[in-house]
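Student: So the chains spell out like this:
Number of protein chains: 4
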Amino acid sequence: MQTPDTRIPVAVLGATGMVGQRFVSLLEAHPWFRLAEVAASPRSAGRRYADAVVWSSPGAVPASAVDLVLAALDDELPRRLDSPLVFSALDTDLAREFEPLFARAGKLVVTNASALRMDPRVPLIVPEVNAAHLALMERWDDGPGAIIANPNCSTIGLALVLAPLAREFGVEAAHVVTLQALSGAGRPGVASLDALDNVVPYIPGEEDKLATEPGKILGRLAGDAGAPSIELHPLVVSAQCNRVAVRDGHTLCVSVRLGRQVSREAILAAWGGFRGDELLRGLPSAPELPVLYDDAPNAPQPLLHRDVGRGMTAVVGRLQPCAVLGWRFVALSHNTLRGAAGGALLCAELAVARGWRPRGSGAQALGRPALRVPDRVPR
Amino acid sequence: MQTPDTRIPVAVLGATGMVGQRFVSLLEAHPWFRLAEVAASPRSAGRRYADAVVWSSPGAVPASAVDLVLAALDDELPRRLDSPLVFSALDTDLAREFEPLFARAGKLVVTNASALRMDPRVPLIVPEVNAAHLALMERWDDGPGAIIANPNCSTIGLALVLAPLAREFGVEAAHVVTLQALSGAGRPGVASLDALDNVVPYIPGEEDKLATEPGKILGRLAGDAGAPSIELHPLVVSAQCNRVAVRDGHTLCVSVRLGRQVSREAILAAWGGFRGDELLRGLPSAPELPVLYDDAPNAPQPLLHRDVGRGMTAVVGRLQPCAVLGWRFVALSHNTLRGAAGGALLCAELAVARGWRPRGSGAQALGRPALRVPDRVPR
Amino acid sequence: MQTPDTRIPVAVLGATGMVGQRFVSLLEAHPWFRLAEVAASPRSAGRRYADAVVWSSPGAVPASAVDLVLAALDDELPRRLDSPLVFSALDTDLAREFEPLFARAGKLVVTNASALRMDPRVPLIVPEVNAAHLALMERWDDGPGAIIANPNCSTIGLALVLAPLAREFGVEAAHVVTLQALSGAGRPGVASLDALDNVVPYIPGEEDKLATEPGKILGRLAGDAGAPSIELHPLVVSAQCNRVAVRDGHTLCVSVRLGRQVSREAILAAWGGFRGDELLRGLPSAPELPVLYDDAPNAPQPLLHRDVGRGMTAVVGRLQPCAVLGWRFVALSHNTLRGAAGGALLCAELAVARGWRPRGSGAQALGRPALRVPDRVPR
Amino acid sequence: MQTPDTRIPVAVLGATGMVGQRFVSLLEAHPWFRLAEVAASPRSAGRRYADAVVWSSPGAVPASAVDLVLAALDDELPRRLDSPLVFSALDTDLAREFEPLFARAGKLVVTNASALRMDPRVPLIVPEVNAAHLALMERWDDGPGAIIANPNCSTIGLALVLAPLAREFGVEAAHVVTLQALSGAGRPGVASLDALDNVVPYIPGEEDKLATEPGKILGRLAGDAGAPSIELHPLVVSAQCNRVAVRDGHTLCVSVRLGRQVSREAILAAWGGFRGDELLRGLPSAPELPVLYDDAPNAPQPLLHRDVGRGMTAVVGRLQPCAVLGWRFVALSHNTLRGAAGGALLCAELAVARGWRPRGSGAQALGRPALRVPDRVPR
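Protein chains in written order, with this note's numbering: chain V, 17 to 395; chain H, 17 to 395; chain G, 17 to 395; chain E, 17 to 395.
Hints were generated in silico from the structure; no laboratory data involved.
The C-beta atom is built at its ideal place from N, Cα and C for all residues, glycine as well.
Some hints here could point you the wrong way.
[To be verified] Which chain H residues face chain E? A few, computed with CB under 7 Å, are given here:
1. THR19
2. PRO20
3. ARG23
4. PRO25
5. PRO204
6. VAL206
7. LEU209
8. ARG375
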């Protein structure tokens, strides 16, 4: 006799794409969430997931997804879906059109798309950095739902390593050059003839995202509890983004001008002691360490470090004085785990930890007794 | 009946390594220089070049080199060599030990090694940038010879693109992140297991070279004609160097703080009008354009641009305002052509154009009638 | 004053794709043919070539093509085109539909497409192997034109190395495993996520082409001069085709059962002495050696050998006894030069050498006085 | 209070190399074996493992190995080692010299080296294929020890997929072309300049190993129990071996001439039903399925299939009629797991399952009660 599955049913939009596949993989055997529904463009609708997907991750299609029938993404879908929690791996244009419909229909949408990241109603969350911003999860045009956005895959790694520095010393400026992995472009994505024996110094829209998103993520929750808002952090970011022949793992060469003179030891201590909000302890997708410094002279490397903390830890190395800006270092984070599906899952887990529940359900739905549900907006 | 070969005989030290092979290739059919002697470590000495070399460039071993017998690099070699002009592709330690011996024996040594680049007796030359520094070619410890150094392979590209900006606007600071090709590490060099699906954010010694060499290259020739010296340029450079899975072509992501506010058009005009010293016109290895701006949004790329100007042109793209330092752009130059053997050949050609001659020879040795030989040190 | 350009004007169909670009590159400065017209799908029609093409070959768009305006590929095009000679880089379906229309309109079509290769009216030509098959160039459905097909890119290399063995010793069976380059799949072609750190053991349709085309190429010209036909060669071919992370150059691991016992020396002599039809001497695209054996233990390699003979020579190595079939070896040929555009050009040159002329023109159109025009079908 | 660790202590020779590292990783948390000693060349001796190793696998150095002090591989080592079971990752020459010394000193040596594979005293084991050959584990020159050899990394995959066919239908001949991964060459191994954008059609010694080892592995245990020997299987194998730019996973394109006419279904059934010796059930390193057929048209691929069965399953695909030999297919197996350290571990586990015990120990040492220990040599 089997105990009933009390996990929260979830839907994945854009489930056949690369980020969608990562969602499907990570949800297999998730302790709090159960993959219940998948949706894709109308031309795949009605097919079994295992038949429609071009599965391109190691291993087989997860058992929980094999027989799910793809729903069509259309205006009616928000009402047809049963799941109260929706992960979106939609392309930007579709995201902009459809995600608000799901929110208005009462869903909690956690999205990996860039469309609404800078929308003032949408919290842009890196859980260890700005959990408090979830206070922004107000009603969406008077509907009961909400949208939580996951930042750009490169921004997340940058935000993780800048946040401890911003908190301890202040950060005035950051100069970032990225060496980004191919999986970030999805599928078919970068043509092999452009990737082999080459670097492409251009990723459409990416440099702007890196310049603007950190200000919101590192910003201060302002306003009052009834009308919270984000006051942008004043740091200045300049980014140059390159595509390199790496499968997974974005490397960031970062130089920073901090708010004051600090020692090498102080910086290492800031990273080493960084844990983020207390609520994160024990969340299923939270890594033990959000930031890990590796002092090998040739660390971090995508091959060796992208899977640290099950792909959820940003690994830093090569901290050195920078004659131009003060300090420089190299950071690496996994772009489809921490930078996409894994980060979005952690956002949803954080929402639950802060008390979000599907309507009509109780905390026991999570199958964990001691979940601390805050009764007010923490700052 | 064949006309006698009046080209200047030259020797290549370290002729079997990767840069040595590039020298051998480029000297095949060179109009001014004739490959006459090759040298390598004593364990290869006495063997035919074609037998001793692990030829790893496209095409066959050049006919001019096939039957040359490798001389042993030892203390006697400087006296045994007949060639008045010596190209060195030696490793740093050997270079430091042996190159001065060749200079003292009266040879003109043009070296690709880093050992003596910052030595005040050695001009560090990018021909289009600081031809006048050849005035430093004084006698080496009272011997008749001299040493000319080729800068680091990444520094050369940087110097080419900074020089027009320094001249027109002043450059106060440059922040550089490199994505460097595998051929820069020679052979066996980077293990394939470190290169495939990876980035290595560390190249021993490279970041220091990029920080120090530009100051000398962009420096001002000072002192008087009898005792010339270089006054270092005060610009500050910070560099982060990465190895990526590219065969040839170093990509540099550069941000600069210029000496004054300038427009995008002014920068493009500075690059577009850059030609370098008048003496360079018509040198066999000189490209038509030392710097070429490509305004495609995804230029420059190693695959598409490394061979522009037969590998001697630095290609720039993606000029954009940088919120942190002022302007940013991406530059690309071929690391084993412009950045090594090709650059060294151009240095030697420049020396000839400025009047250097093997002792006992005349200008007619070059087979070109109209060579302008300056009768005094130009500034 | 410029002498008039008397070269034969030619058109390229599918001029913006990868093979189309190779045609455009190779026609730049071709001594006999002048690129006069380009055509592509209707959606590109009317645009300047330089604007419409995503140029992805080293160097810039050839000057001869920059300002050509793309014609639309439609039913009217065969009559609108002026050029008597048409190179086709069309996809299979378009080729099947349109190429016969051009032939009926009196054009000589030399095609790289697979659609009509096994059609009994179409000679399938590797010039050094079966020049005589051009006798098949009869009228196309009573029109004055004709179609010449270039074999599959892997088949060409195989045919070149098998032909001397078939002629000297007979070949009963060939077992081929290919390691094929990415450029063979065109653009976008293979996704980088499928190519990096991977092998794909499947190329749609390829194994069948390798199994069937050699029989026609190595076949005997039969019938009489008025109604020539090809008697298929009885050799049996089995092929397994893999895509590997190589840009250009198909590697073929071949094992053969010959018609009789032969020595290693005899095989090497067969390859070494292979030259093909006398008519090939001096054709602009003909390599000095169609087949070159390299006895280095690790030859041939794509990097080192794909450009031998300007990419028109098949390089062979590692000839060894095979315990199963008799002899085995490894062959390499450039898939977009010899295997596509270069091979097609050589076919057209051969047709000219055999006497084909645009209607209303004379041999002097070629700018070469001594072209031997056979007055009857050679066998 | 901790229960005492009753696992069998084992030593790893050549522990710092790539295969040595795989042994160390796989032994971390092995249920039967405990990594107790590590040895390497005298120049590393005396150093902590974590200090001496250039760890190049994902994750950190396993805790069980970090503080082990490297013993020097010398003539005295066999007597100094306490461990009764020794895994050897030595290079061939060292293996030939030292492994017999360990055997004479009473150790059970399981080796990945090729030196002694064809020695008539040494069983060459693929556990699912020829477990019975362990009967060859006689005394080594009258000493109490023994040597078990792991076949060549490519041979293992081939033997796994041929064994069911040999058993069911007979195999007369196999033609194999390999596309082998870079990790097979160890470290530094293949230079990146030879691997990127290239194929190297030569791996020293490899083609011979593939030609000879299958005959021994598929051979019949003959002689009597007191003097067992192997009667070689008469199949003929011809192999061509290539190195390709893949990290892990050898791809084998195989064509076979079977002993009789069989249907596709019969072949698939032979593979599907293949399990190997009953003793293998439940061995810690044994995969559920030794051979798995994947009927996707583009399977198997290194990226997608090398980790199937934790890297211990050979994945087969593309079964098709072969016009030359009868049937052809593509097989893939992980070269450093199944093909090296994982295969060796499984051999050792099999030896234990068949009753091998360290002197003075009992079955309970294994911590598993129901181990079936055969009391006579099974055939």
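Student: Take the hints in turn and mark each one as holding or not.
Tutor: Tested hints:
Violation of the interface hint for H/THR19 is found here, the shortest Cβ-Cβ separation to chain E being roughly 40 Å, above the 7 Å cut-off. With a least beta-carbon distance of about 39 Å to chain E, the hint placing H/PRO20 at the interface is violated under the 7 Å criterion. Proximity of H/ARG23 to chain E is violated relative to the hint, the smallest CB-CB distance being about 31 Å (cut-off 7 Å). Among the interface hints, the one on H/PRO25 is violated; its C-beta lies about 31 Å from the nearest C-beta in chain E, farther than the 7 Å criterion.
At its closest, the beta carbon of H/PRO204 sits 4 Å from a beta carbon of chain E; the interface hint therefore holds under the 7 Å criterion. The beta carbon of H/VAL206 comes within 4 Å of a beta carbon in chain E, closer than 7 Å, and the hint placing it at the interface holds. Given the 7 Å rule on beta carbons, the hint for H/LEU209 holds: about 6 Å separates it from the nearest Cβ of chain E. Interface restraint check: H/ARG375 against chain E, minimum CB-CB distance 40 Å, threshold 7 Å, status violated.
Hint compliance for this structure: hints 1, 2, 3, 4, 8 are broken, all remaining hints hold.
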